[in-house]
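Chemist: The listed protein sequences derive, respectively, from chains Y and C. Counting the first sequence from 1 gives a position; the numbering used here is that position plus 317. Counting the second sequence from 1 gives a position; the numbering used here is that position plus 317.
For the record, the hints were derived by calculation from the structure and aren't laboratory data. Any given hint could be a false lead.
A pair counts as met if it fits within one copy or between any two copies, since identical chains are not told apart.
Simulated crosslink set (DSS-like; lysine-lysine; CA at most 30 Å straight-line) [to be verified]:
1) K348 <-> K323
2) K348 <-> K558
3) K482 <-> K348
4) K558 <-> K580
Protein chains: 2
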Amino acid sequence: MSDYQKRMDGYLEAVEAFLSRQFEWEPAPQKTVLQAMRYSLLAGGKRLRPVLTMEFCRAAGGDWQQALPFGCALEMIHTYSLIHDDLPCMDNDDYRRGKPTNHKVFGEAMAVLAGDGLLTAAFETVAAADAPAETVVRNLAILSGCAGVRGMVGGQVLDLEGEDKALDAGQIRLLQAMKTGALLRAACCMGVSTAGDRERMDAAAQYADALGLAFQIRDDMLDVIGDRAKLGKATGMDAHKSTFVRLYGMDACGRMVREETDKAVAALAPFAHRDFLTELANRLVDRDH
Amino acid sequence: MSDYQKRMDGYLEAVEAFLSRQFEWEPAPQKTVLQAMRYSLLAGGKRLRPVLTMEFCRAAGGDWQQALPFGCALEMIHTYSLIHDDLPCMDNDDYRRGKPTNHKVFGEAMAVLAGDGLLTAAFETVAAADAPAETVVRNLAILSGCAGVRGMVGGQVLDLEGEDKALDAGQIRLLQAMKTGALLRAACCMGVSTAGDRERMDAAAQYADALGLAFQIRDDMLDVIGDRAKLGKATGMDAHKSTFVRLYGMDACGRMVREETDKAVAALAPFAHRDFLTELANRLVDRDH
């Protein structure tokens, strides 16, 4: 097994173990919402965000285990955003990661509350992290800033309002940078911050921004050429949205994914350990799910 | 003007000034959600929670101004919970504080996002508070713990699941303690915590619990005897819910409000400054909105 895969497996094991311990206390009169939260949280995502947090902590000279709770808080926020995005009043999606969406199983009201519960639990997790108070506060600022109306929530608003409109390149990039990019930026920056390193925060942000753009363009491509079974969700769902594929065409998008990936890798120059992050970026270029 | 009123006016002025500075940056491509957030946040609530946070900080020997951001974070969480509770899939309410509810004005999707944005902004506000890092982390733990599935969100779940069922006294009390009580507890405890006092946290929690119970029983009474114009919302909305009035009758409820208020006042014994908190509790007994 490659060093990359060994390290990745170690990270994934730590994340799954951490997340699977959440929300299963007994007795719980509110157990329905706890089940709904666990249903989506343990549905087997790529765990890209916590992996980035842990590896950037290591790359910046820190102990990756200390970054685990911060990465898992991010995964809770990512999960809540998917639950709310899938709601009938939003994207109205029936499947996610090969399973019926949260509101399909638990109903709309419970899905709203499961999302609210996960978002709040993310900050409980930050508060309980075993790290110096200054680190916790710095990470709290990064996380809440990127997840809120200046970041992910704001991006979702642009996405909703952009439906059935022709957005230009600048608008699509802004939408993407807020909706998807902001959480990736939080992932990378919290890792560096947990290591107590403020100097290389900008480099981590540059990696995150380029990776996020490559990731989103690849996502738009997969909506056209992807395989429903591998993706675990319907394809062709972006027909009423402005996408990079519609704007630039498939060939140019393939080149842009490559270019942004190269930019991400170049941003890693200030870090001594950069093999894992380089391979992670390169693997995302050709991913099929 | 009484000392009570002077102090209350000072607190309310500080809260309104703080909240009205939020979410109005320009230019803002996501301005719709910012408007939706401000619509509900500045709709003129009682600001009971931030007032409690500031006064408990003062009562515990601290500077009340330092508690202002923590109190305002609580008000953001209270406001988000009202927006989500009013949604068609939840309580489906059309009016709140005399105005159309958030989703009636901005649509369901934007109301979900405005709630998500306010919840996240509450934690941004905590992160930006001008207080020692240890204080910020302690308040973060209190706030996120009380607002999440162990507290307010959990209580909303019990409320939803309890509709059209006959709950017993223990179940109604638990529901109330989680849905309404938890945020009041956070308000009082964050005040004491901001003053750097850990010894009187329990006393603050006792005051909050008794006040919260009195407040909720009075709320149930107002749903029957209240005046729609003064309340700013429809009455008789609890017909399908288990309430204290249905369980104990109106006379017994009146006596319970008095008893719980007395308990709240008794819990203030360890604090030197207790006139304001005593009067606040006594005024809530007879409130008509």
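Chemist: With reference to the structure, classify each hint as holding or not holding.
Modeler: Against the structure, the hints come out as follows:
Proximity of K348 to K323 under the C-alpha cut-off of 30 Å is found in neither arrangement, the shortest distances being 36 Å within a copy and 45 Å between copies. In this assembly of identical chains, K348 and K558 lie within 30 Å of each other by CA distance solely across copies; the values are 20 Å between and 37 Å within a copy. In the homo-oligomer, the alpha carbons of K482 and K348 lie at most 30 Å apart only across protomers (17 Å), although the nearest pairing inside one protomer, at 42 Å, exceeds that limit. Proximity of K558 to K580 under the C-alpha cut-off of 30 Å is restricted to the intra-copy arrangement: shortest distance 27 Å within a copy versus 58 Å between copies.
Checked against the numbered hints given earlier, this structure breaks only hint 1.
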